[in-house]
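Protein chains in written order, with the numbering used here: chain A, 10 to 314; chain B, 15 to 454.
The hints are simulated quantities; they were obtained by calculation from the structure and are not laboratory data. Ideal Cβ positions, reconstructed from N, Cα and C, are used throughout, including at glycine. Heads up, some of the hints might be wrong.
[Stated by the list, open to error] From the structure, some residues in chain A lie toward chain B, with a derived Cβ separation under 8 Å:
| # | residue |
| --- | --- |
| 1 | L45 |
| 2 | F60 |
| 3 | Q139 |
| 4 | Q141 |
| 5 | K142 |
| 6 | A155 |
| 7 | S249 |
| 8 | T255 |
| 9 | G259 |
| 10 | D269 |
[To be verified] Calculated Cβ distances over 12 Å to all of chain A for the following chain B residues:
| # | residue |
| --- | --- |
| 11 | K90 |
| 12 | G102 |
| 13 | P181 |
| 14 | H227 |
| 15 | D240 |
| 16 | H249 |
| 17 | T255 |
| 18 | L262 |
| 19 | S273 |
| 20 | Q276 |
| 21 | P281 |
| 22 | E289 |
| 23 | D344 |
| 24 | D347 |
| 25 | S406 |
| 26 | F430 |
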Amino acid sequence: MFNSFKKLTESLTKTKDNIFGKISHVVSRRKIDDELLEEIEEILIEADVGFSATMRIIDTVKEKAREQRLSDGEEVIELLKQEITEILVQDEHPLFKPGDHKPVVWLIVGVNGVGKTTTIGKLATYFSTQEQKKAMIAACDTFRAAAVDQVVIWAERAKVDIIRSQEGADPASVAFDATQAATARGVDILLVDTAGRLHTKANLMEELKKIRRVVQKANPQAPVYTKLIIDGSTGQNAISQVKVFTDAVGCDGIIVTKLDGTAKGGVMIAVAQELGTQVDFIGLGEKVEDLQRFDAATFAEALVK
Amino acid sequence: MFDNLSEKLDSVFKRLSGKGILSEKNIKDAMREVRQALLEADVNYKVARDFVKSVQAKAVGQEVLRSIDPGQQVVKIVHDELVALLGGTTAELTPIDRSPTIYMVCGLQGSGKTTLTGKLALWGRRKNKKPMVVAADIYRPAAVKQLKVVADQIDVPHFHIEGKTPPEICAAAVKHAKTNFIDLVILDTAGRLHIDQELMEELTQIKSQVQPHEILLVADAMTGQDAVNVADEFHKRLDVTGVVLSKLDGDARGGAALSIRQVTGCPIKLASVGEKPSDLEPFHPDRLASRILGMGDVVTLVEKAQESIDEEQAAKMQDKIFKAQFNFEDFLDQMAQLKKMGPLENLLQMIPGMGKALKGMTVDEKDMERMVAIIKSMTIEERRRPQLIDGSRKRRIAAGSGNSVQAVNQLLKQFFAMQKMFNQMGKKKMKGLPPGFNPF
Chain A
10 MFNSFKKLTE SLTKTKDNIF GKISHVVSRR KIDDELLEEI EEILIEADVG FSATMRIIDT
70 VKEKAREQRL SDGEEVIELL KQEITEILVQ DEHPLFKPGD HKPVVWLIVG VNGVGKTTTI
130 GKLATYFSTQ EQKKAMIAAC DTFRAAAVDQ VVIWAERAKV DIIRSQEGAD PASVAFDATQ
190 AATARGVDIL LVDTAGRLHT KANLMEELKK IRRVVQKANP QAPVYTKLII DGSTGQNAIS
250 QVKVFTDAVG CDGIIVTKLD GTAKGGVMIA VAQELGTQVD FIGLGEKVED LQRFDAATFA
310 EALVK
Chain B
15 MFDNLSEKLD SVFKRLSGKG ILSEKNIKDA MREVRQALLE ADVNYKVARD FVKSVQAKAV
75 GQEVLRSIDP GQQVVKIVHD ELVALLGGTT AELTPIDRSP TIYMVCGLQG SGKTTLTGKL
135 ALWGRRKNKK PMVVAADIYR PAAVKQLKVV ADQIDVPHFH IEGKTPPEIC AAAVKHAKTN
195 FIDLVILDTA GRLHIDQELM EELTQIKSQV QPHEILLVAD AMTGQDAVNV ADEFHKRLDV
255 TGVVLSKLDG DARGGAALSI RQVTGCPIKL ASVGEKPSDL EPFHPDRLAS RILGMGDVVT
315 LVEKAQESID EEQAAKMQDK IFKAQFNFED FLDQMAQLKK MGPLENLLQM IPGMGKALKG
375 MTVDEKDMER MVAIIKSMTI EERRRPQLID GSRKRRIAAG SGNSVQAVNQ LLKQFFAMQK
435 MFNQMGKKKM KGLPPGFNPF
C-alpha cells in the first residue's frame, strides 16, 4: 500500500507541481477570504474539474471554514482534500465478485485515441501477474488499420491468449468466438478490445450494443462489464462520453489514461459529481506497472499533499 | 446535464432581447453566463476571462444601448470577438510548389496523426500532386503497419526503413522523394508527451534535418485546459506553422481551439472530421464561431452540397430549407443528395437550430433507407400532400414497403416536425440573425 502511494505521488508530481502545488503555494501565509478562494477556483478549473464541481467544492470549503471558524489559508488544504474525496469516494467495488461465473468479460470501450489497446495490454499483464487470473484478449477492433496487429503484440508481451479474425470482420462475431473459446478454456477474464468510436455516432454505438448482446448469447452466465477508457487530458466532454456510453452499453467503471503528462485528470471529479461513475484504474505512464488501481482517498491525498 | 455552449448563449440572449434596451447590469449578467459557458466548453480560464472583459467593454458602449435590437447587437459582438480570437480569416496550408514540399505531422498520442497523414496524402493527390507518406513512428506497436494500410487504401506510396532512427528515416525519405519525383512528403511522427524531453528533442532533430515547409500540430477537439500547455510546448520547440483540430465531428464544444489559437498565435488550418480519408476540411474561424453561437454552419453545408450537387440544385435546396415548402418528393430528392454528401449527422449539425431540435434524435443511414422505402410506397399525390395519408393509406404504404404502420407513423411525425422546424427557421432568417450577418 505504501509503495503504491509513493508511486502515485511521484507520478503525479508534475500534476502536483502544476496545480495542487500551486494551491499549497497560494494558501501559504494567507487568510481565507474571497480573493484566496477565487485563486483556488481558477486552479481547479484549470485542472479540468469543471465549473459546477469547482463551485461545489469552493462553496463547501467556504461554508466549512466559516462553521469551524478557520482563518489560516493552510487549513483550506484539508477541507479541499475532504471535499474532493467526498465527491470521488465510492462504494467498495472489487474487480471480481465471489459469485461471478467464469469468464468475466470486460468490454473495453471509448472514443478514438484514448489508449484502449495499450490499456488492454497492461490489464492483461495486471490480471495474470497481480491477480493470478487467466486472462484472454478478443481483438474486436477490426476497423482501424493494423489495430489487430497492435493488440497481438500486446498479447505476446503479456503472454496471454488472443482470439482474432481478419481486418474488416464483424467485431461481434469475433466477440462471440472469443467468449466461447474463453468459456471452453476456463479463462477467468476476457478483455474485449473494441474500435474507438465517437459517442455521437449512433450506428457505431449500436454496434457496441450488438457486441454486448452477442457475448451474452455466447455465454448467458458470463458477467459482462463495460469499462470506459478516458484520456486524462479530456475536458468537460468526458461527461458527455460517460453519459452516452452508459446509456448505450452501461458503464461499470472508468479507466483514466495518460496522467503522466501535465493534464490533471480533474474531469474525474466532474464526472463523479455529475454522474457518480466510479474510476477503476488510472494510467500513470508507459510501463505495464504504471496502470494502477484507483483509490479516491489516496488520490485526493496525493493531489493535495 | 448541462447544455451546449450555443444553447447556453441562446438562453442568455433570449433573456436579453426580451428586455429591449441593455443596461450595464444586464450585460454583466449575460457575460457571467457567457464566461461559465466558455469554461464548460473547455476554453482556458484566462482566455475566457480576457474574452469576457473585451466583449463587455464593447457591449456597454453607447452604440449598443441606442440600437434597436440590443440583444442581436450583443450576439454580433460576441460572434465577431470569437472570430477574431479564432484567427480572423481562413488560413491555408503551405502550397505544394516545391518538389518535394515537406509536411511534418506531430502531436500527443491518440490525437489523430496517422489518420490525418492519410487524409493529407489524399488531399495532395486530388490536387494532382504526387504524395508519399513516411512512417516515423518506430515506438508504438504496429504503427508502421497502420500507416502502410492507410497508404494502400488510398494508393499512395509508403516509406519506411527498418532499424533506423526517426530523423534518419525522415532524411532518407526526403532524399528518396527528390529522385522519385514526389511532390509532397508527409512525415507521420510518433505521438509523444510534450514534457518528454528526449522525444521532443527527436522532433527538433527531424526538423533541422529536413526543414519541413509546414509543421502541423494535431490537437484533439475534446482536450481540456491542458491544451494550452501542450500547444505552448510544441510551439516553443518547433515553431509550429499550423494547428489541425481533430475529432470535431464529436459533440465536444471545442473550446480548446480558442485557447490554442490565443496562446500560440498559430493559425488553425484544418478540421479533421471523421475516419474516412476524405474527411478533411479547411478550418474556418467564422464558421466555428457561428456554430458556437448556434447560428449553425450553413456555409459548410452549402459548400458540401456544391461539391456533390450542381449549383442550381444547391440554391434550390437552400431555398427549400428556408422557405419550408417541403413535401415528400423534395424529401426524397434531398435524401438522395444528402447521401452523396457524407454522414447525415455531420450535415445536420451544420443547419442552424438543428443542434437543439435534434437533441436525443438519432439518425443513421439504415433509417434513411427505410424512410426512402416508405416514401417510395406512397403515391405521387400522397408525396405532395402528406396530410392525405389516413389509416387505410398507412396500412397500404406499410405493406408495400415491408414496414409496420408504426414505422410509417413515425416517419410522418418526423416529417411534420421537420416541416414545422423549417418553417420556424425561415422566419428566424428574417429577423433572427444579427444585422450585417449574412450566412452566404
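Violating hint indices (sorted, rising): 1, 3, 4, 5, 8, 9, 15, 18, 19, 22
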